[in-house]
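> Below, each chain spelled out in residue letters.
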Amino acid sequence: MNAIVCVKQVPDTAELPKVEPADVAEGRSKVTRVVNPWDEYAIEEALLLKEAHGGKVTALSLGPPEAAEALKIAVAMGSDEAILLSDSAFGDGDALTIGYALAQAIGQIGEYDLILCGKESVDGNSGLTTSTTARYLGIPQLTYVVKIREVDFDRRTITVERLVEEGLEVATAPLPAMVSVIKGINEPRYPSFRGIRKAARMEIPVWGIGDIAGLDAEKASEAGAAVRWTNIHKPPGRAAECEIIDADSVAEQASILADRLLAAKVI
Amino acid sequence: MSVFVWIEQFKGEPVSLSWEVLGKARELADARGTQAAAIVLGQEVENIAQQAISYGADTVYLAGDATLTDFRGDPYAAVIKALVEEHQPSIMLWGGTSRGRELAAAVGADMEVGVAADCLDLQLDDESNLVATRPIYAGNILTDVVFRGKPQIATVRSRVFPMPEPDPARTGEVVAVSAVLSEDDIPVKVVGLEKATEGEMSVADANIIVSGGRGVKGPEGFEPIRELATVLGAAVGASRAAVDAGWIPYPHQVGQTGKTVQPDLYVACGISGAIQHLAGMRTAKVIVAINKDPEAPIFQVADFGIVEDLFKTVPALTEALKERLG
Ligand SMILES: Cc1cc2nc3c(=O)[nH]c(=O)nc-3n(C[C@H](O)[C@H](O)[C@H](O)COP(=O)(O)OP(=O)(O)OC[C@H]3O[C@@H](n4cnc5c(N)ncnc54)[C@H](O)[C@@H]3O)c2cc1C
Ligand SMILES: Nc1ncnc2c1ncn2[C@@H]1O[C@H](COP(=O)(O)O)[C@@H](O)[C@H]1O
Numbered sequence: 001m002n003a004i005v006c007v008k009q010v011p012d013t014a015e016l017p018k019v020e021p022a023d024v025a026e027g028r029s030k031v032t033r034v035v036n037p038w039d040e041y042a043i044e045e046a047l048l049l050k051e052a053h054g055g056k057v058t059a060l061s062l063g064p065p066e067a068a069e070a071l072k073i074a075v076a077m078g079s080d081e082a083i084l085l086s087d088s089a090f091g092d093g094d095a096l097t098i099g100y101a102l103a104q105a106i107g108q109i110g111e112y113d114l115i116l117c118g119k120e121s122v123d124g125n126s127g128l129t130t131s132t133t134a135r136y137l138g139i140p141q142l143t144y145v146v147k148i149r150e151v152d153f154d155r156r157t158i159t160v161e162r163l164v165e166e167g168l169e170v171a172t173a174p175l176p177a178m179v180s181v182i183k184g185i186n187e188p189r190y191p192s193f194r195g196i197r198k199a200a201r202m203e204i205p206v207w208g209i210g211d212i213a214g215l216d217a218e219k220a221s222e223a224g225a226a227v228r229w230t231n232i233h234k235p236p237g238r239a240a241e242c243e244i245i246d247a248d249s250v251a252e253q254a255s256i257l258a259d260r261l262l263a264a265k266v267i
Numbered sequence: 268m269s270v271f272v273w274i275e276q277f278k279g280e281p282v283s284l285s286w287e288v289l290g291k292a293r294e295l296a297d298a299r300g301t302q303a304a305a306i307v308l309g310q311e312v313e314n315i316a317q318q319a320i321s322y323g324a325d326t327v328y329l330a331g332d333a334t335l336t337d338f339r340g341d342p343y344a345a346v347i348k349a350l351v352e353e354h355q356p357s358i359m360l361w362g363g364t365s366r367g368r369e370l371a372a373a374v375g376a377d378m379e380v381g382v383a384a385d386c387l388d389l390q391l392d393d394e395s396n397l398v399a400t401r402p403i404y405a406g407n408i409l410t411d412v413v414f415r416g417k418p419q420i421a422t423v424r425s426r427v428f429p430m431p432e433p434d435p436a437r438t439g440e441v442v443a444v445s446a447v448l449s450e451d452d453i454p455v456k457v458v459g460l461e462k463a464t465e466g467e468m469s470v471a472d473a474n475i476i477v478s479g480g481r482g483v484k485g486p487e488g489f490e491p492i493r494e495l496a497t498v499l500g501a502a503v504g505a506s507r508a509a510v511d512a513g514w515i516p517y518p519h520q521v522g523q524t525g526k527t528v529q530p531d532l533y534v535a536c537g538i539s540g541a542i543q544h545l546a547g548m549r550t551a552k553v554i555v556a557i558n559k560d561p562e563a564p565i566f567q568v569a570d571f572g573i574v575e576d577l578f579k580t581v582p583a584l585t586e587a588l589k590e591r592l593g
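Order-wise, the sequence lines are chains A and B. According to the working numbering, the first sequence holds residues 1 to 267 in order. According to the working numbering, the second sequence holds residues 268 to 593 in order.
I should point out that these hints are in silico values taken from the structure, not numbers from a laboratory. Quick reminder that beta carbons are idealized off the backbone N, C-alpha and C, glycines included. Any given hint could be a false lead.
Residues from chain A shown here face chain B by an in silico Cβ test under 10 Å; the list is partial [stated by the list, open to error]:
(1) MET1
(2) VAL19
(3) THR143
Using the sequences plus the hints, can you model the full thing?
Structure, rendered in C-alpha cells:
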C-alpha cells in the first residue's frame, strides 16, 4: 500500500488571533507554525493503513523552505519519505495552482493507492486544494471521511464512512482515490524518539518548479491563479461589554437574563 | 451573463440554505439586470423546481435521473459543467455544505476558474464582477476574493442571507436537461446512510444554540442543557472537551475543528472560551456565558454573563423562559 499524504504547514491555532492582515497580505509569518491539525489525522490514518497492509507513506508539502519542519514531523510520526515543493516561482498561488502543482508532483512520485489529506487548512479554510488535485489527477475523491472501513487491495476498492449533514454516509470508490479526513477518524500519535532522530538526520528533497517533469510553470504559479485576496482585514470586534447579571438568587438572575434576551429579540 | 444557483436536495427535500442563496442571487441578478437560474438535480424533484421559481428563479434547469439521486461530485459536476458551457453564466452560487463545497471545488477545477468558499457577503464591483467576502485564518481575518475569468463561483455559509419569502404566483420556465455521465462512468457509489441525525437540529442552521462544555461533567450533564434547548427550540452544541470525553457526538462540536455557527443566540454553559471554540461561534448575534469562573475568557466575548454553577443557573433559566414563552 502506497499512500501520499498532503501536509500543509499552518499557524498554530492558539496563535491565530495574533495574525495581522498585513502579514497575510505580504505572506510573512510571525507566529509559530505547525502541521495543519486535519493533516495530522491524515498522516495517522496513512500510518495505520501501512501498519495493517505494509507499504510506504510519503508526505508531500508545498510551501516555503521552513515547511520542511512540518514534513519532519510527518517523518517523526512514522512516514517513510517526504518531499517539499518549494520555489519562489510558485509565488502567491491559490487552490487551483497549488492543487495543480501537487497533482503534477504526485504524478512524478509515481505509484500510489491512496492520497490522504485534511478536510481544510486552518489558514486557507477552503478545502479546495485537494479536490483540485483529485480532479487534475482524474481520481475519485471521498470527502469528510470519519472512518475507513476497508481497503480491499484485491478488488482495489475503498469503503468509507463520510460525515454529512444528515448522518453517516457509507460510500465506496475504486483505488487510487483521494480521501480527505475529519477529526474523529483517529487519535494522531506523538512522534517517537526514534522517529525524531530519523527526521533530524533526514535531508528532505526539495523540488523546484523546474524539477517536476511536464509541469506547466504558468499553471503552477501566481500567473495561473484564478482568485486574488484583497481588502484583507480583521473582522469587527464584538462591540458590547459583557453585562454580568448579578442578583440575590439564581431564580432572579435567570429572570433578568430571560427578560434581557426577550428585549434583544433573539428568542 | 446570468447568476446560477445549485439547489441542494437530500432525499428529495430541498436544503433551506439553498433558498437563502437563491434570494441573494435574485438580488444580484436584479442589480446586474440579468436572470437568476436554478439548477435542480436528483430524481423526482420536479416539486423543487416549482419551489425554486417561487423563491426567485426565472429559469430552472432540471435533471432527473437515477444517477443523480444521491449527491456525488462526478455526475453533479458534469451536468453543471455542461450547463455552464451552454449558457455561460457569470456567477454561480450555492450553500457551503459538505456537498456544496465538494461540488464547487470540482466545477472550479474542471473549468479552471476560481472558487470562494464559505462566504459571509457577496457584492458586485463596478463591472458587475463578484466580490466575495470570506473568513480565513479560522475567522480571525476576513478577505475579499476577486476573480479572474468566469464563472465566478462562491459557496455561502448558512444564515448570512435572509430567507426570502416565497411567492407562489411567480412564474418561470422549467427546462429539462439530461444527465451527462452514465452509472458506469461514476467511480463513487453510495452504499447507504447510517445513524441519520434525524430529529436532531443541526447546529449549522439553528437560530439558537445552547452548548455545554467540560463544566457539564458527564453525559448526563447535557440533560439540563437539552431541556433549556427544548424550551428555546434550540440546537445543542458542545465544546471539543465534551466531545472528546465522549459525552456527546462530534456533529455537535462547535469551533475550529467542529462547526462554525452564526446563530442569533449562543448560550455557552461550562465552556471556558478557548480561542478554538471562539473561532466557531463569535459571530453569534448575542452570546450568553454561564460559568462559575469570573475570569473565564468566554466573558470577554459574551454580551450577558452569569457567574454561577450551571447546574443551578441552567434549570432556573429554563423555568424563567417557560414562564415567558409558554
Ligand atoms: C487544533 C485544535 C483544535 C481545537 N478545536 C476545538 C473546537 O473545534 N472546539 C472547541 O470547543 N475546542 C477546540 N479545541 C480545544 C480548546 O483549545 C479547548 O481545550 C476546549 O475548547 C475546552 O473546552 P471547555 O471550555 O469545555 O473546557 P475547559 O476549558 O476545561 O472549561 C470548562 C469550563 O467550565 C467551567 N465550569 C466547570 N464546572 C462548572 C459548573 N458546575 N458550572 C459552571 N461552569 C463550570 C470552568 O470554570 C471552565 O471555564 C481545539 C484545540 C486544538 C489544539
Ligand atoms: N501547500 C500545501 N501543501 C500540501 N498540502 C496542502 C497544501 N495546501 C493544502 N493542502 C492539503 O489540502 C487540504 C485542504 O486545504 P485547503 O484547501 O487549504 O483548505 C489540507 O488539509 C492539506 O491536506
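> All the hints need checking, so say for each whether the structure fits it.
These are the hints, each one checked on the structure:
Hint on MET1/A is violated. Least Cβ distance to chain B is approximately 19 Å, over the 10 Å limit. A distance limit of 10 Å between C-beta atoms decides the matter here; for VAL19/A the minimum to chain B is near 5 Å, and the interface restraint holds. A distance limit of 10 Å between C-beta atoms decides the matter here; for THR143/A the minimum to chain B is near 5 Å, and the interface restraint holds.
Checked against the numbered hints given earlier, the structure breaks only hint 1 and satisfies all the rest.
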